[in-house]
Each structure stands twice: as C-alpha cells, then as structure tokens.
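Chemist: These are the residues of each chain, in order.
There are 2 protein chains.
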Amino acid sequence: MIIDIHGHYTTAPKALEDWRNRQVAAIGNPSAMPKASELKIGDDELRESIEINQLKKMKERGSDLTIFSPRASFMAHHIGDFSVSSSWASICNELCYRVSRLFPENFIGAAMLPQSPGVDPKTCIPELERCIKDYGFVGINLNPDPSGGHWTSPPLTDRHWYPIYEKMVEYQIPAMIHVSTSCNACFHTTGAHYINADTTAIMQCIQGDLFKDFPTLKFVVPHGGGAAPYHWGRYRGLAQEMKKPLLREHLLNNIYFDTCVYHQPGIDLLTKVIPVDNILFASEMIGAVRGIDPETGNYYDDTKRYIEATANLSAADRRKVYEGNARRVYPRLDAALKKQGR
Amino acid sequence: MIIDIHGHYTTAPKALEDWRNRQVAAIGNPSAMPKASELKIGDDELRESIEINQLKKMKERGSDLTIFSPRASFMAHHIGDFSVSSSWASICNELCYRVSRLFPENFIGAAMLPQSPGVDPKTCIPELERCIKDYGFVGINLNPDPSGGHWTSPPLTDRHWYPIYEKMVEYQIPAMIHVSTSCNACFHTTGAHYINADTTAIMQCIQGDLFKDFPTLKFVVPHGGGAAPYHWGRYRGLAQEMKKPLLREHLLNNIYFDTCVYHQPGIDLLTKVIPVDNILFASEMIGAVRGIDPETGNYYDDTKRYIEATANLSAADRRKVYEGNARRVYPRLDAALKKQGR
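Taken in order, these protein sequences are the chains called A and B. According to my numbering, the first sequence is numbered sequentially starting from 723. According to my numbering, the second sequence is numbered sequentially starting from 723.
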C-alpha cells in the first residue's frame, strides 16, 4: 500500500470559497456573518471534486490512501479573530470528513486548527477533539505562525504550545507543522513562507529541549524539511556548538520529513542524509506546483517517481517510506487500516 | 589561485565590541555617544587577530584570498537610527580596509552598508562610494531585512532598492544578500534567519522582473542559496506557473551561489543542480559553524574538501569555482589582482 501523508482539499467546490468571502467581508459586521448552515455542498459535488482531481491522479500515479486536510493556504489564521477561525476550521474539517466517508479506502482526515494570532492555543482543543473522536482524523496541522508571515507567536518549543502537545500525546496524533498564506509581501506563500517555516521549525527544535518534556511527541515537517537536509552539516554543527546531543538523538525520535521535494536531486539528497525511518511518502498533490517538468515530461509533484528512481533506497526501504513509517507515526491511521482489514 | 568570496571579520579585537556596546548604551543620550576616534586598535592587534585565525586557516586549507566584510551578525541594522548605523558601518568598514592593507595579497574588502529600518537606502550611497573609491572594496553586503527578522522592508524587486542597484551597476560591484542578527525569537540567527533570507531573496527574484530593469546587476546568494537548490524543481515549477522564463534565463545571468554548505551531500546537490558558472567558492570561515564534524574528522566549514571530493566537477570546473567565476562576478577584484600581477 502507498500512503500519501500530505494532501489538502485544494479542489473543494467553489461554494466554499464564496462562503469564506462572505465571512471575511462580514468581519466587524455581525449581522452580515453567514451561518455554517448556509453553505450547501452536496455529496455529488464533493465526489466529483475528488474523482476528477486527487483520486484520478492517485490512480494514475499508484498511491492508495491520502491523509487529507483542509487547504493550507486557505487556513489564513491571520484573518479575523478566534470566532472567525473557529467557524472556518469547523466547516473545512467537516468537508474533509465527508470526503473520507465518501472514499473511506482513499482518504482519511487530518485537522486544521482554529488558530488565531495572540489567542491561547488551548482554544483549539475542542475542534481538535471533535476531529479525532467524531471524525476519525489521524493527525493535525499546526501553524507555527498564525500571523501569516509576521512570526508573532513564540517558538514551537515554548510552553505556549503545550496544551496542544498534551492532547497530541494523549491521542497519539502527530502534527504536521504547516503555515498558511503569507500576508507579508517579502514572503511568497509557497515559495518562501512554507519552506522558511519548515527550516525555522527544525531550528527551533534544535535550540530547545521540547522532546525531553514530550518524548513521544511527533512532528512531521513538510516539503522535505525546508532547507534542513541540504544544510544538515550546518545543523549538526550548530547543535554541537550548543552542546546538544547528536541530531539523531536530539531530533530524529520525534521529527519526520515528507517527500514533497519536486526533483530527483532533492529526493536523492533527502534519502541520503535523513535516515529512512524518518521519511514519509507525500506529494502535496494537487498543490503548489501543478505543472509538468519540461526536463522530465512528468509532473513536478509526482514524487513517487523520484522515490522509485533514487539509488539510495532498497525495496524494503521503499516499503517503509510508502507505508510502514506512516503506520508507525500515525497510530490511529494504522488502527483504522487494520479495522478495514488492510 | 583560490578565492574565498565570503569571509567576515568575526575575530576583531574586543575593543570594537566594547565601543559598540557604548554606542548602543548611548542611544537616546547624545552626550554619552562615543566618538569614532575613541576606538583605538593598533596595526599589531589587527595583524594578530587575522594571523592566528583566518590567515592561519586559509594557509592550512589552501585558499589564497578572502573577500572580507564586517561581521554579518554584528551589523544589527535594527539597532538605533541611521546615524547609529552610519557610525558603526564606517568603523567596521575601515577595519576591514586596514586588514586589506596589512595583508594585500590575502584580503580585499566588501562593504557593510549603514542601513536602518524605514530609512531610504539611498542614504547608504556615501558610505558605499567611500568603500569603493577610497578603500578599493569590490562588493557590498545588502541586508534585505534591516529590521532583523520582522521583514518590514519591501522585497528586493521593489523600486525602494533601486538607488543601491544603480550604484552597483555604475561601479560594477555585486551585492551579497546577507541579513544580520535576528531579533525575532522565532528565528535563530545563523540557523534560520540566514537560510530563510537566502531562500526568500531567490523567490523574490523569481516573482519579480528586476533583471529586466538591471540586466547587469549581480546578486550573490550566500549559504549555497538557502533552500533553493534543494527545492530547484519547486522553483522551476513555480516560475513556470507564473509564466516566467526558465530559471536559467530568468535568474542565472544575475544570481550566483556560494559554497557555504557544510557537508558533502549538500555540495554534491549544489554542483549537480546549479550550473558551474554560477557557483563561487566560499567558506564563511571563521563563522557560524566552527567545530569539527565527528563524521569526517574535518572542520564543517572546510568547504574546499567537499569541492575537491565531489564527482560533479571537472578540474576545469573547479578552477571556475575557485577563481574564474569570482573574477568575472567581481570585476574590481579581477582588476585589483591584475594590478598585483596575479
């Protein structure tokens, strides 16, 4: 089985965006605020939005199951207050849940949290628990910068975030550390802010000792870990200067890297530098980079091709990357699959 | 000849730091502000600070000449106002100039600019011209984020920066895009802010069309270009979606990458992905990562070893990386070397 641990619902019916636009327009004007019940999307619409998009590509490329969460760039936690984020997260998570019910063999959910800048993360717990308990979601996306490119929250190692971590440990769910749209003109959303956030998160974990407090906490750092594997020598050296343990002990019991790196040399580096047990297959398809690479004739984000082609992985390694590691890092996914007899 | 295009005066005599501390303490209290003339550092002190540090390592490792600029993390453009930055830049540049006079075969200067958040970059031009004309410097360091991790300036493609670019073109000097200390707790200075800034700068150049306005402008992106080479497929794909030309045309007539990547797999990737004509040898020694890699027994920042060991470069390619490219990208360096008969 091939599990893609990083997919977002980027192809939701347009009614969702229209509802969001109405919500954003109504900020500061409560009487104009749309109700959740005003969003009407039928099962047929949901089914079609998946069948002609993600599911089609999954079949073409040969992956079986996607861990599916709301569109990352649309989370936009910087917009409005907690109440705005809360309604929006609830709607987006419910749609992913419905997709997982319509295609139970192909999709399982991961939750967007109703984060809001300056608001205590513990306010996210009711939505988190609803997604885990009622929707059977297997992970969450945690935005380390709900300000959208201004980085006004404390580092991930700060106690500020501990209420979320306590729930993650309690429910055995990993967090993908994933920012949303940048509203800072310096940072292109998918070209700078996403990648910078990945790098930043890893460096925060090197500086801190978070995993001493939470030995079973698990972070998935998307987009191949930002710059970290390419600069792994720098990070090993910085940890050494800070008198931290070797990164293998200091980070790699708790941090995992996805394979959203869109060319062969990048995947070759990732699989050379990072131990295979810490690499999880992912494509973030249909996402930031949707075109065909003229150098190969294949989709940039068809990352399975790079995994297949790299000389760094054995057949057994590939099985770990495709399935075994995901089942280990996402125990609720493993349990759900076993329940399906898979 | 082996030219290291990225060295900072990180080992300046302690009197410099003491003067800076007095300056910072006197902000808001003009009567306490120290004068430049109160900083006394003799030639013997300068000589020793170099001989037992950078020059010793250059001889051990086999490089001949370093393009030498003030300590990047100490630029701290976010501290004080333009007047504070102006005095500080002037002092720091003068020290690098004096080093270049004491060791004319081994060091040549690149200027720190007296940037200050919210201040028009054209205020930097007098110091820039002084360094080029009076000190024989061959390049500048341009900080895309003088706020120190808050990213309050416009992107590098904005007209805000054009006064600097006009002078760069006039004097045929490249800019290394180099941030300074982060005062944002989210970003570790050398582990996150530096690398993020490199990635950010490249993405800004992909989004914009700066090099249409300045076809001969040259940027050197340090630290191996941040995350960009590792994610080169992503960047090619994003440029494609934005209907930009191929990155080879859109960026690579104007953007160069240094080799400050502190392990073999990183240099292997850089030299595989980026055309050899765009790679300049550098170590940023003595800098962020000063230790010995237990996996190799060698200094992390002894980047020449990685260049020597990579299978991606021929002997002719290595000569380009070590010397030829630097002479081409820094025409004033080439002229200065020719004047020395080199």
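By construction, these hints were calculated from the structure, which means they are not laboratory data. Be a bit skeptical, because a hint or two may be false.
In the DSS-like style, the derived pairs of lysine-lysine whose C-alpha atoms are separated by at most 27 Å in a straight line are [unchecked claim]:
#, chain 1, residue 1, chain 2, residue 2
1, B, Lys779, A, Lys965
2, A, Lys965, B, Lys965
3, B, Lys965, A, Lys778
4, A, Lys889, A, Lys1061
Chemist: Give a verdict on every hint.
Modeler: Here is what the structure says about each hint:
1. B:Lys779 <-> A:Lys965: holds (24 Å)
2. A:Lys965 <-> B:Lys965: violated (47 Å)
3. B:Lys965 <-> A:Lys778: holds (26 Å)
4. A:Lys889 <-> A:Lys1061: Measuring from Cα to Cα gives roughly 23 Å; hence the hint holds.
Of the hints listed earlier, the one the structure fails to meet is number 2.
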